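*Asks:* In case you want the letters, here they are:
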Amino acid sequence: MCMRCLQLTRRSLLVGGGAATAALQTGIAQARVRPQDMVPLIGPGFKPTERDEIGLWKEMERVEEEIAGSNLLITDPKLTGYLQNIIGTVGGPAARDFRIYLARIPDFNAMMFPTGFAVVFSGLLLRMRNEAQLAGVIAHESGHFLRRHQIRSWRDQRRKTDLFAIGAMAAGVGGAGAGVYLGDYVQLAQLGTILSLFQYSRAMEAEADAMGTRLLAETGYPPIEMANIWQQLIGEENASARYRGKRRRRGGIFDTHPSSDARMADLRADAAEITIPGKAYDSRRERYLATIGPIRATLLDDQVKLNDPGASQYLIDTLAQDGWNGLLRFYEGEVWRLRNRLGDEFRARQSYAAAVAYPDAPADAWRWHGIALMKEGRAAEAKAAFRRYLTMKPDAPDAAWVRQMAG
Amino acid sequence: MFKRGLVVAAASVMLSGCVQTRQFADVQFTPPSGDYKLLVLRPDVTVGSLTTGGMVEPRADWTDQARRSIVEALRTQQASRGANMTIVEHRNEVPGVTAQELADVERLNFVVDQSIVIHKYLGDYLPTKRGKGLDWTLGADAVKLGQKTGYDYALFLHAEDQVASGGRIALGVLGLAGCFIGFCAPNVGGQQQLDYASLVDLKTGEVVWFNVVTAGSQIPGVKFGDLRTPQGASQMVDRLLGRMKPGRAIRQQQSREKR
Numbered sequence: 001m002c003m004r005c006l007q008l009t010r011r012s013l014l015v016g017g018g019a020a021t022a023a024l025q026t027g028i029a030q031a032r033v034r035p036q037d038m039v040p041l042i043g044p045g046f047k048p049t050e051r052d053e054i055g056l057w058k059e060m061e062r063v064e065e066e067i068a069g070s071n072l073l074i075t076d077p078k079l080t081g082y083l084q085n086i087i088g089t090v091g092g093p094a095a096r097d098f099r100i101y102l103a104r105i106p107d108f109n110a111m112m113f114p115t116g117f118a119v120v121f122s123g124l125l126l127r128m129r130n131e132a133q134l135a136g137v138i139a140h141e142s143g144h145f146l147r148r149h150q151i152r153s154w155r156d157q158r159r160k161t162d163l164f165a166i167g168a169m170a171a172g173v174g175g176a177g178a179g180v181y182l183g184d185y186v187q188l189a190q191l192g193t194i195l196s197l198f199q200y201s202r203a204m205e206a207e208a209d210a211m212g213t214r215l216l217a218e219t220g221y222p223p224i225e226m227a228n229i230w231q232q233l234i235g236e237e238n239a240s241a242r243y244r245g246k247r248r249r250r251g252g253i254f255d256t257h258p259s260s261d262a263r264m265a266d267l268r269a270d271a272a273e274i275t276i277p278g279k280a281y282d283s284r285r286e287r288y289l290a291t292i293g294p295i296r297a298t299l300l301d302d303q304v305k306l307n308d309p310g311a312s313q314y315l316i317d318t319l320a321q322d323g324w325n326g327l328l329r330f331y332e333g334e335v336w337r338l339r340n341r342l343g344d345e346f347r348a349r350q351s352y353a354a355a356v357a358y359p360d361a362p363a364d365a366w367r368w369h370g371i372a373l374m375k376e377g378r379a380a381e382a383k384a385a386f387r388r389y390l391t392m393k394p395d396a397p398d399a400a401w402v403r404q405m406a407g
Numbered sequence: 408m409f410k411r412g413l414v415v416a417a418a419s420v421m422l423s424g425c426v427q428t429r430q431f432a433d434v435q436f437t438p439p440s441g442d443y444k445l446l447v448l449r450p451d452v453t454v455g456s457l458t459t460g461g462m463v464e465p466r467a468d469w470t471d472q473a474r475r476s477i478v479e480a481l482r483t484q485q486a487s488r489g490a491n492m493t494i495v496e497h498r499n500e501v502p503g504v505t506a507q508e509l510a511d512v513e514r515l516n517f518v519v520d521q522s523i524v525i526h527k528y529l530g531d532y533l534p535t536k537r538g539k540g541l542d543w544t545l546g547a548d549a550v551k552l553g554q555k556t557g558y559d560y561a562l563f564l565h566a567e568d569q570v571a572s573g574g575r576i577a578l579g580v581l582g583l584a585g586c587f588i589g590f591c592a593p594n595v596g597g598q599q600q601l602d603y604a605s606l607v608d609l610k611t612g613e614v615v616w617f618n619v620v621t622a623g624s625q626i627p628g629v630k631f632g633d634l635r636t637p638q639g640a641s642q643m644v645d646r647l648l649g650r651m652k653p654g655r656a657i658r659q660q661q662s663r664e665k666r
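Protein sequences, first through last, are from chains A and B.
Residue 132 in my numbering sits at position 132 of the first sequence; the count goes up by one each step and never skips.
Residue 408 in my numbering sits at position 1 of the second sequence; the count goes up by one each step and never skips.
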């Protein structure tokens, strides 16, 4: 093939390796983006004027139609109105332009699409302890739109892939002309391009965090709640990993988002910088709990059925920091019962017994409490519990069976 | 060196572009003709530009132009076959059914289409479906749609086209120039068109006919159809829907009758 191929010498490898290491280092540790520097890049009623962005918006029309009509959506007008109201508060100049959809997916996530519609997962409503935290996530997503991240990332990708394609072709043709083989360098450049795309994506996320903190503080929410979200998430991931005998992922060079630890640290610094001493901030916890109250049982139910006892237990304990109630105690029992390790049955029984002591115990707590009592041979108490279940849920699918047990 | 470069270039030009179509039909399928009612659900058309680096940049103006041309070509073609055709652009445009019901049928069709592609086109053949032609159905939902709307068939159509940008063409030219000095790479990938359509019989709910057309070239600048132009759009509609073959049982019956 080629007789005088340029050998990949030790020196060139060292240089390349050094460059790659530098890329990796900068990839992980990024300078913090200051909230003060984050100004919205668009005003109200933004419409794209450039060709590529118009194309992107066009493509999104169908996507939004699909999402808006998805049967995964929770369409309760009270909840969707609440979310719309929050994004209308923390959405900056585009507050009136956003659309927000709530999907029933038991996972911690929210996303913003290029045309200004956001999707929030129901798992987020379970995890957030007050309105400020929920508003923080929504403000972060608004930040993506206000800072025009989607089109900027797209252009970054286009520019870098263009440069790489031209460079690779020039290296091939030029190398052939000069009689040297540059394929190894092309591969190194390819890795560099890929890493730089991921790095850009992490930089955008850091911007959105800073922008979000700013929006949060400006609308009277305590900005520190943004950092608290990440503290909770890190705790949850640790608990989940520990239960499975694994270690939590710490983030790396192929991540699109900065690691949770980095985000928490940066957000703490952001909050300290932007909080005005003496100003009154309100996390609006009562309003939040009153609004999500009616679906909290569904959210907990979806979570415990994920078969992730470590995370579920952590979440319930975290929510219980604001006070135990019948619902939380019942689902604590459910986590044990479904985990079903040695001793879990006893733990579950205790939780059910604790749950029914609260006035807000769900009907199913009485059912499982009854079964536990029956197993212990306390038939009279068990029957009373079953009767209580039947009064609360007369149309339960298993009503006939429970009625028979209740005697 | 010079000569060898040319030979390689010529060979790669010849090998690198083509139009392929491959259709499957239910064994009992007879192509609709005469007076039939056809519902075309939200034709999914996107046309983009292939950037120098190989990404696809969606283009709103080209997409709108292509959709208009395709709809026009479809109307002409179906009218000549006697169809009474309705093309809907939005899910709330069909009287008698809700947007949700239509969305359900569309989504079901989407996964069924995916299944057809996996098991009929991508090589993951199913022994249970061997010799059965196209053996997929949308079931009761599609029948209900037919009953509520009075349509005989539903047609689902997807068309996407990527046109090589100036930069992509230049990259190919550079690769071609390289052939003369021993680095031959003209085939970096140019226009790519993918179209597919499925026809659902709304009386039985079955997917009775399915066709995929791919048209593309490895060499930027060489085109095998262009959805942006009315000619390219009608060429695509013709490639995709022009030659519907009857199912095997019907073909056998026809050849017996001929003899």
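Calculated from the structure, these hints are not laboratory results.
Computed from a predicted model, the values in this text were never measured in an experiment.
We put the beta carbon where it would ideally sit given N, CA and C, even for glycine.
Heads up, some of the hints might be wrong.
Once the Cα atoms are required to be at most 20 Å apart in a straight line, the calculated SDA-like pairs of lysine to any residue come out as [as the list claims (entries may be wrong)]: (1) A:K383 <-> A:D364; (2) A:K58 <-> B:G596; (3) A:K160 <-> B:P450.
If you want the footprint, here are the derived chain B segments under chain A, 3+ residues with CB under 8 Å [as the list claims (entries may be wrong)]: (4) 472-479; (5) 487-495; (6) 546-552; (7) 588-600.
*Asks:* Next step is simple, just say for each hint if it's right about the structure.
*Replies:* Status of the hints after comparison with the structure:
no. : hint              : in the structure
1   : A:K383 <-> A:D364 : holds, 14 Å
2   : A:K58 <-> B:G596  : violated, 25 Å
3   : A:K160 <-> B:P450 : violated, 33 Å
4   : 472-479           : violated (count 0)
5   : 487-495           : violated (count 0)
6   : 546-552           : violated (count 0)
7   : 588-600           : holds (count 5)
Hint compliance for this structure: hints 2, 3, 4, 5, 6 are broken, all remaining hints hold.
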